[in-house]
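Protein chains in written order, with my numbering: chain A, 138 to 384; chain B, 138 to 384.
Take the hints with a grain of salt, since some may be wrong.
As the list makes no split between identical chains, a pair holds if one copy fits it or if it spans any two.
In silico DSS-like pairs for lysine-lysine, Cα to Cα no more than 27 Å straight-line [claimed, not checked]:
no.: 1; residue 1: 190; residue 2: 316
no.: 2; residue 1: 292; residue 2: 355
no.: 3; residue 1: 200; residue 2: 326
no.: 4; residue 1: 350; residue 2: 160
no.: 5; residue 1: 173; residue 2: 190
no.: 6; residue 1: 370; residue 2: 316
no.: 7; residue 1: 273; residue 2: 190
Bear in mind the hints are in silico, worked out from the structure with no lab data behind them.
Protein chains: 2
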Amino acid sequence: MISVVLIGFGNVGQHLYKAFKKKKVNLLQVYSPSVKVSEKKGTHFINNVAEIKNADVYIIAIKDDAIPSFTASLPFENRLVVHTSGTSPLKSISPHLRPGVFYPLQTFSKGAKLKWKTIPICIEAEHEKDLKLLKKLGGMLSENVVEISSEERQKLHLAAVWVNNFSNHLFHLAEDFLKAENIDFNLLKPLMLETVKKLDAVSPAEAQTGPAKRHDEKTVASQVALIKDPKQKEIYTLLTQSIQTKF
Amino acid sequence: MISVVLIGFGNVGQHLYKAFKKKKVNLLQVYSPSVKVSEKKGTHFINNVAEIKNADVYIIAIKDDAIPSFTASLPFENRLVVHTSGTSPLKSISPHLRPGVFYPLQTFSKGAKLKWKTIPICIEAEHEKDLKLLKKLGGMLSENVVEISSEERQKLHLAAVWVNNFSNHLFHLAEDFLKAENIDFNLLKPLMLETVKKLDAVSPAEAQTGPAKRHDEKTVASQVALIKDPKQKEIYTLLTQSIQTKF
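Next up, chain A with everything else stripped away, as it sits in the complex (with noise of 0.2 Å):
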């Protein structure tokens, strides 16, 4: 059986964490600078890096810049050590250990409840036996683990930026838009969940509508008119114009 130890207990950490006890994974110990000391349902809590035990592999979820210093000072050396990150390289982990990555590609908020099922974990090691060890392990947790280059897995996060953050964006505009106009932002829910869950049968090409798309400058002119603030203007324009050099 696996054994795992996981370091840091920020929102992926606790994520992890929850999804390792359910799914039965041997997880030794959790470390965190800020954690009070105690024991779980056979899994260490602990907050000095010194106690940090023998394990087949290492989970980091902590801050991107703080990976090469953190792993520099693991005091071991030449065990598997695998980030969470979207955009470090699998080489930030320091070169006394083995590098790895197991990047769950997902938003993770407090409190949220994933369906880790459907979770793509993508993994990259540079030993065969460290990739098989990352496959069975994400597959303890995901039907959708893949292999995943560092290369690839900074595209995949700027496209997961487009996707998730840029369009939390839009929705964050929207509500404050309908907050300063008296109208209740829960109008767009249904909406909203209807643009992600057609994209299941149409491509988001073939799910484009509205008056960017059919050129309808009428709408597009009356719609600019009604943004006051200069910024956000300026995005509605941009984006239109994004969409009108597509149809």
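Please arrange chain B on chain A, whose structure you already have, making use of the hints.
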């Protein structure tokens, strides 16, 4: 029992037709110049405007710019005629009729299965009895019938453009980018679904994550460098700046 004639048989018309039949609404006729004359389960399909019968309400699902001229041509007076448009004002319906709006706030694609129960139906009318009728008819399809003025509806439609048209375009750009890099767009789907689903629990402001929000300029710069298309670079930069004004 409210009797209905449906005018127009495009995406919106066909979805309304299906919903009305499912909910056993008394749908007398469907008129469209392009349908074949026929009869299905008590509803007559006609393509001759002169054959339109007397009904409690006429629901027109045609192109926005056609509403004034088409309604002006209707060979009867003082009957309730409602359009289904997000942008057209109530007054776009010819003044010889009693105007109304029956706007389902959703994106309608061929073949999509919709949960009408949750779709907001935005209604508007000049007379109390017409409003009452629209509320009753809307209530047969949805639990979410709301009275909305033309002005509010236009704002809601603008917000719908942000959350649906523009988000879908970001999905389109992400798909194009990944295709060019030979990476499977489907890997993003669980993330896209969660992007919307998490908003049941938190606001878009609380849900925001990513390099822009964290002011992680290193990642932002490396992502901009990955984008080849200058227009897309511009969109990335503008949305990143816009996120950063919020956090």
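Broken hints, by number: 1 and 4
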